[in-house]
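Based on the sequences and whatever the hints tell you, model everything.
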Amino acid sequence: NVCSSDLDSRKTVNVSLNARSSHVLLVTASLLSKTTTFDETLDAYMDILAAEAGYTATYVEVDTIDCRNRFGVQVMDPSDWLEYKPIIRDIAISLGARTIILLGGEEVVPRPTQLVWAGDYIGMVPTDAWYVDMDDDQVVDSGWVVSRMPDVSTNSEAVEAALQSAIDLHAVGGYGMSQEVRFSRDCWAPAPIGLGDACSEDDPQCGTCYATPPYGVCDTCDMQVELFDLISNHAYIYFTGHGSPTGFSNNDREPLFNIDYMDEVDLEAYHPLIM
223 NVCSSDLDSR KTVNVSLNAR SSHVLLVTAS LLSKTTTFDE TLDAYMDILA AEAGYTATYV
283 EVDTIDCRNR FGVQVMDPSD WLEYKPIIRD IAISLGARTI ILLGGEEVVP RPTQLVWAGD
343 YIGMVPTDAW YVDMDDDQVV DSGWVVSRMP DVSTNSEAVE AALQSAIDLH AVGGYGMSQE
403 VRFSRDCWAP APIGLGDACS EDDPQCGTCY ATPPYGVCDT CDMQVELFDL ISNHAYIYFT
463 GHGSPTGFSN NDREPLFNID YMDEVDLEAY HPLIM
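Numbers given in this note's numbering equal positions in the sequence shown, counted from 1, plus 222.
Derived by calculation from the structure, the hints in this document are not laboratory data.
A portion of the hints provided could be inaccurate.
[Said to hold, decoys possible] The following label-pair restraints were derived from C-beta to C-beta distances:
| no. | residue 1 | residue 2 | range |
| --- | --- | --- | --- |
| 1 | G318 | E486 | 35 to 45 Å |
| 2 | D342 | D488 | 38 to 48 Å |
| 3 | H493 | Y281 | 34 to 44 Å |
All figures in this text were calculated on a predicted structure; none of them were measured in a lab.
In this text, a Cβ means the ideal position worked out from N, Cα and C, and glycines have one as well.
See below:
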């Protein structure tokens, strides 16, 4: 029971909480070009999920005969997300899994795109969330979670790196977000141009915001060294702009940061979460 009161009233509200399933479904297709160490890293990830979080993980290549033999279903057209959706749903339900992680870029596991009506807005919206809109009402179904470890084309190097990062994070008990830095064209302008007032009165610490440029990797960004230093010394990095599997850009699609510059960043000290 949760109670709230003021001078004139008191109200009791019953709150019911259900634990999420501890089964994780890892989904990919045979199009994923595996590195020589991919299977070893995948096994290590599933092992640490069990050891540190008590989770059971199942790995499935949904366009293979092995998938048909295990679950009675198989994707025949790897380019059609509408074919993936019911198969992922059926496999997840059979396992009791409600957390789905897609491994690979859009050329391995396609990203759904669906027409959306929202008031006066009509548009095609690409998002993996459509995979867990099981009743097709354009709302993610309660209790389901979907995420992706992407890579460029059919490569798997970034997928393996993401798995290794997840292993490291589980091993140290997770990540912190207290050391925060935000990058935006104009930090304190109202959204969507900037972040608006990013701090509230009860925040114990206000995140520092830096405008780009001069920070960034664009032609007019003259503080690249400071950018890499800030990223290296913060646990939570937040870019406001456009994101893609290869980096972040401003509203004019000029690059602010991309994976080509990762060698300039020290990931050891804070192991930053970048959004």
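Consistency of the hints with the structure:
1. G318 x E486: 35 to 45 Å: holds, 44 Å
2. D342 x D488: 38 to 48 Å: Since D342 and D488 have Cβ atoms about 47 Å apart, the given range 38 to 48 Å holds.
3. H493 x Y281: 34 to 44 Å: Taking Cβ atoms as reference, H493 and Y281 lie about 24 Å apart, which means the hint is violated.
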